[in-house]
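Colleague: Chain order of the listed sequences is A and B. Using this note's numbering, read the first sequence as starting at 1 and increasing by one per residue. Using this note's numbering, read the second sequence as starting at 1001 and increasing by one per residue.
FYI, nobody ran anything at the bench for these hints, they're computed from the structure. Don't take every hint at face value.
[As the list claims (entries may be wrong)] Chain A is faced by these chain B residues, among others (derived, beta-carbon under 7 Å): (1) 1008; (2) 1046; (3) 1087; (4) 1094; (5) 1095; (6) 1096.
Beta carbons are placed, not taken as given, at the ideal position from N, Cα and C, and that holds for glycine.
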Amino acid sequence: EVQLVESGGGLVQPGGSLRLSCAASGFTFSSYEMNWVRQAPGKGLEWVSYISSSGTTIYYADSLKGRFTISRDNAKKSLYMQMNSLRAEDTAVYYCASGWVRGRFDYWGQGTLVTVSS
Amino acid sequence: DIQMTQSPSTLSASVGDRVTITCRASQSISSWLAWYQQKPGKAPKLLIYKASSLDSGVPSRFSGSGSGTEFTLTISRLQPDDFATYYCQQYNSPSYTFGQGTKVEIK
């Protein structure tokens, strides 16, 4: 059974940093493209970042302005998101999502809540 | 970035109804479109990919059509489990944008 389990969310002050992790199991992690997608409270879905199966191709949403960094460790079957200079508007549930095809989200984790507030 | 526009934003329907949701892209995305279902407090679930291909395990009452800039999701006979929010999403090119969502409510 495919499982994606996010962790690392929590309450952080504006300007602070947080590192999210996503542990994968039940599929060949190294063969899948990975993404982060977020959802602000009561709002719709927003794609955040993509990383190819090998880690060589990376994309970010323009709205992030260089504050977030995606990475993966295929040996550990894990995906990461380093989030710096956090703002109130980054408050959201962050989902990791895997896909067999670039940009498609076949499997989702349960999400981890990031709250940016003083 | 490619903008995705869904309509309607909210839809009230009864069990057994045929329901159609429309999604328009601001430029051609060929057939690189997916549909997701999300229930409150849960992660989204992939229903349809490449505009009309049903994901594994998804009931056949769901269907998708379209190409280029106009797409539709149809639920042939609405079931109690189908009351949820539905999102379209383009994966033609990054940013991989979503529509704003369509909430299907009980009439």
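Colleague: Against each hint, give a clear statement of whether it holds in the structure.
Modeller: Status of the hints after comparison with the structure:
A least Cβ separation of about 14 Å between residue 1008/B and chain A goes past the 7 Å threshold, and the interface hint is therefore violated. With a least beta-carbon distance of about 6 Å to chain A, the hint placing residue 1046/B at the interface is held under the 7 Å criterion. For residue 1087/B, the suggested interface contact is upheld, since its CB lies about 6 Å from the closest CB of chain A, less than 7 Å. Interface hint status for residue 1094/B: upheld, as the beta-carbon distance to the closest one in chain A is roughly 4 Å, under 7 Å.
Checking residue 1095/B against chain A by beta carbon gives a least distance of about 5 Å; that is within 7 Å, so the hint holds. Annotation: residue 1096/B was flagged as interfacial toward chain A, and the flag holds, the nearest CB pair being 4 Å apart, inside 7 Å.
Consistency note: the structure conflicts with earlier hint 1 alone.
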